[in-house]
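**Q** Each chain, letter by letter, is given below.
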Amino acid sequence: MSEMKKIKNLKEFSTSADRFEGANLLCPGCAHSIIVREVLNATNDDLVLSASTGCLEVCTAVYPYTSWDASWIHIGFENGSTAVAGAEAMYNALRNKGRLKQPDRNPKFISFAGDGASYDIGFQWISGCMERGHNMMHVVLDNEVYANTGGQRSSSTPIGSSSTTAPAGRVSYGEKKNKKDMVSIMASHGIPYSAQVAPNKWKDMVKKIQHGFSVDGPVFINAVSPCTTEWKFDPKDTMMLSDLSTDSLVFPLYEIIDGHELNITYRPKNVVPVEEYLAAQGRFKHLFKDQYKYLIKEWQERVDAKWAYLNRREEARV
Amino acid sequence: MANKGWNEFEIGAMLRTFDGKIDDIAGTRQEDRAYSENSSFVASVADWRIEKPIFSKDFCIDCQFCWIYCPDMSIIARDKKMIGVDMDHCKGCGICVEVCPTNPKSLLMFPEQADEETELAQWPAKDEEKK
Ligand SMILES: Cc1ncc(C[n+]2csc(CCOP(=O)(O)OP(=O)(O)O)c2C)c(N)n1
Ligand code: SF4
Ligand code: SF4
Ligand code: SF4
Ligand SMILES: [Mg+2]
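So the protein lines, in turn, are chains A and B. Counting in this note's numbering, the first sequence runs from 266 upward without gaps. Counting in this note's numbering, the second sequence runs from 636 upward without gaps.
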């Protein structure tokens, strides 16, 4: 095992040499890139990476360019996770046969995918990776929509959000189904580590990613990724949206160890009303019409109930 | 490889980010890397910008908020100091300005054609109203 990179504070972190490059084609202010940087810079070890089809993949591998300074593979929408699992299985086989040329290098196997590729289309592939116990990390860039194809709803899209396939209009307030709870579903596979992270809380992110690298077995990470284009906010406000998402508890930060032990890792000093989070985004604009205001109240009740549930789970230590 | 069109591209070909051998990428700074013509690092998105950030180091406390939250690897930090903006890769999103905590801010957005020296010479003073 190589030693864990020491990152005491942001100044020390800033000495990292990025292995993800600029002049990619992600939108100005895209949070996908901020998340990728924080994940990759959490280690100095070699990287074996994949990206499933989606904004991250499409924008960082436009021939003749790659934005990745590491082994990187893309196959399809659904199978970025299994591509990395295959590489990990091959690596283990070569190690067991004593055929690794540099056995001490300890590479990290990471698969990146959007919510569409994880919650819907790559769901059974990821489940397979988790169940088979591969030593890998799957990171969801959760912007709650199929962003790369123009904003269709996914099973991560939250209630009341307007998307191109569930638009708000005269007869509908948009999405009617609540978001799927992927962190719990993945934890239910009994994997050693499952967690939710956000790019504004970089220290919490690095701690969780490093913990993920230290355990033996599959790791699932859900990262909130505010999308300037589909959530409809100004690109300069990406970090403000990320702050609002964690401080309104719409995206609570927590971890689940060995499939059951839940720890809340961030408790905002001043909890922001959910209404402020919704008001900052064009996709929820219609909820502020009189006829839909009851939905904002319901949003707050849902978020409060989930927070109470997480707290009870944490207390119960089960 | 970069100059080949799709028709000459061999199935299973690999694009290499670097020319030659590189053993310790995470320990090698951008300026010391032999990027190949296939790395997007050698390309530029400067023409995407309508506004650009200008950095005034007088008030900078090297907190590195701009470094961690820049989505485009365009804040250049060396030896724990913020030393400038990489204008080939900056897309002008303005996040660095939003997250800069100093008073006055050490980064501000200006129209792309603004003159850096002129703007630095008339940088806003500390806002006494703000705490
Ligand atoms: C099997 C398959 N179905 C559909 C598509 C079209 N497609 C490409 S990217 C994309 C959306 C990706 O959404 P998500 O995974 O959430 O990533 P994001 O772009 O939002 O980051 C879709 C539907 C495809 N490439 N392959
Ligand atoms: S559409 Fe959203 S996720 Fe896709 S590149 Fe733009 S900001 Fe990023
Ligand atoms: S955020 Fe502002 S003060 Fe902090 S390092 Fe950047 S320019 Fe300097
Ligand atoms: S404007 Fe955006 S891309 Fe440019 S340096 Fe600032 S944060 Fe980075
Ligand atoms: Mg998505």
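Think of the hints as simulated: they come from the structure by calculation, not from any bench. Don't take each hint at face value.
Listed below are the simulated BS3-like cross-link pairs for lysine-lysine, each with C-alpha atoms no more than 27 Å apart in a straight line [stated by the list, open to error]:
id	chain 1	residue 1	chain 2	residue 2
1	B	K656	A	K468
2	B	K656	A	K501
3	A	K442	B	K687
4	B	K687	A	K273
5	B	K656	A	K273
6	B	K687	B	K761
7	B	K765	A	K501
8	A	K442	A	K276
9	A	K497	B	K656
10	B	K687	A	K501
11	A	K271	B	K687
12	A	K472	B	K765
13	A	K276	B	K716
14	A	K562	A	K442
15	A	K497	B	K715
16	B	K687	A	K270
17	A	K534	B	K716
18	B	K656	A	K362
19	A	K273	B	K761
20	A	K534	B	K656
21	A	K270	B	K716
22	A	K270	B	K656
23	B	K715	A	K468
24	A	K276	B	K715
25	B	K687	A	K362
26	A	K276	B	K639
27	A	K472	B	K639
28	B	K716	A	K501
29	A	K271	B	K716
30	B	K656	A	K366
Short, incomplete list of chain A residues facing chain B, as computed with Cβ under 7 Å [unchecked claim]:
id	residue
31	L275
32	K276
33	A288
34	P329
35	Y356
36	N357
37	N361
38	W467
39	T503
The beta carbon of each residue, even a glycine, is placed where N, CA and C say it ideally should be.
**Q** With reference to the structure, classify each hint as holding or not holding.
**A** Each hint, compared with the structure:
Between K656(B) and K468(A) the alpha-carbon distance is near 33 Å, which puts this suggested pair outside the 27 Å criterion. As the CA atoms of K656(B) and K501(A) are separated by approximately 38 Å, the hinted pair breaks the 27 Å bound. For the suggested pair K442(A) and K687(B), the alpha carbons sit about 41 Å apart, so the restraint of at most 27 Å is broken. Note on K687(B) and K273(A): the hinted pairing is violated, with a Cα-Cα distance of about 31 Å set against a maximum of 27 Å.
The suggested pairing of K656(B) with K273(A) is violated, with an alpha-carbon distance near 31 Å, which exceeds 27 Å. Distance check on the hinted pair: K687(B) and K761(B) sit about 22 Å apart at the alpha-carbon level, within 27 Å; holds. This hinted pair checks out: K765(B) and K501(A) have alpha carbons roughly 21 Å apart, not beyond 27 Å. For the given pair, K442(A) sits about 43 Å from K276(A) by alpha-carbon distance, which is inconsistent with the 27 Å threshold.
Taken as a hint, the K497(A) and K656(B) pair is broken in the structure, with Cα atoms around 44 Å apart against an allowance of 27 Å. At roughly 12 Å between alpha-carbon atoms, K687(B) and K501(A) fall within 27 Å of each other, so this suggested pair holds. At most 27 Å may separate the alpha-carbon atoms for a hinted pair to count; K271(A) and K687(B) exceed this at roughly 34 Å. A distance of roughly 33 Å separates the Cα atoms of K472(A) and K765(B); the hinted pair therefore is violated under the 27 Å criterion.
The straight-line distance between the Cα atoms of K276(A) and K716(B) is roughly 8 Å, inside the 27 Å bound, and the hint therefore holds. At roughly 16 Å between alpha-carbon atoms, K562(A) and K442(A) fall within 27 Å of each other, so this suggested pair holds. With a C-alpha separation of about 34 Å, the suggested pair K497(A) and K715(B) falls outside the 27 Å cut-off, and the hint is violated. About 34 Å separates the Cα atoms of K687(B) and K270(A), which puts this hinted pair outside 27 Å; it is violated.
At most 27 Å may separate the alpha-carbon atoms for a hinted pair to count; K534(A) and K716(B) exceed this at roughly 30 Å. Simply put, K656(B) and K362(A) have alpha-carbon atoms about 26 Å apart, close enough for the 27 Å limit, and the pair holds. Of the pairs offered as hints, the one joining K273(A) and K761(B) is violated, with about 31 Å between alpha carbons and a cut-off of 27 Å exceeded. For the proposed pair K534(A) and K656(B), the alpha carbon gap of about 49 Å is over 27 Å, so the pair is violated.
With a CA separation close to 20 Å, the supplied pair K270(A) and K716(B) stays within the 27 Å bound. This hinted pair checks out: K270(A) and K656(B) have alpha carbons roughly 24 Å apart, not beyond 27 Å. Proposed proximity of K715(B) and K468(A) is supported: the alpha carbons are some 17 Å apart, at most 27 Å. Distance restraint check for K276(A) and K715(B): the Cα-Cα separation of roughly 5 Å lies within the 27 Å cut-off, and the hinted pair is therefore satisfied.
The suggested pairing of K687(B) with K362(A) is violated, with an alpha-carbon distance near 54 Å, which exceeds 27 Å. At roughly 42 Å between alpha-carbon atoms, K276(A) and K639(B) are farther apart than 27 Å, so this suggested pair is violated. For the given pair, K472(A) sits about 43 Å from K639(B) by alpha-carbon distance, which is inconsistent with the 27 Å threshold. Taking the CA atoms of K716(B) and K501(A), the gap is near 23 Å; set against the 27 Å cutoff, the hint holds.
For the suggested pair K271(A) and K716(B), the alpha carbons sit about 18 Å apart, so the restraint of at most 27 Å is met. A distance of roughly 15 Å separates the Cα atoms of K656(B) and K366(A); the hinted pair therefore holds under the 27 Å criterion. With its C-beta approaching chain B no nearer than about 4 Å, L275(A) sits inside the 7 Å limit, and its interface hint holds. Restraint check, K276(A) versus chain B: the minimum CB separation of about 4 Å is within 7 Å; hint holds.
With 7 Å as the threshold, the beta carbon of A288(A) comes within range of chain B, its nearest partner Cβ sitting at about 4 Å, so the hint holds. Of the supplied interface hints, the one on P329(A) holds, with its beta-carbon coming within about 4 Å of a beta-carbon of chain B, less than 7 Å. A hinted interface residue such as Y356(A) counts as satisfied when its beta carbon comes closer than 7 Å to some beta carbon of chain B; here the least separation is about 18 Å, so the hint is violated. Here the hint on N357(A) is broken, as its CB sits about 22 Å from the closest CB of chain B, past 7 Å.
The beta carbon of N361(A) is not positioned within 7 Å of any beta carbon in chain B (closest approach about 25 Å), and the interface hint is therefore violated. With a least beta-carbon distance of about 5 Å to chain B, the hint placing W467(A) at the interface is held under the 7 Å criterion. Annotation: T503(A) was flagged as interfacial toward chain B, and the flag holds, the nearest CB pair being 6 Å apart, inside 7 Å.
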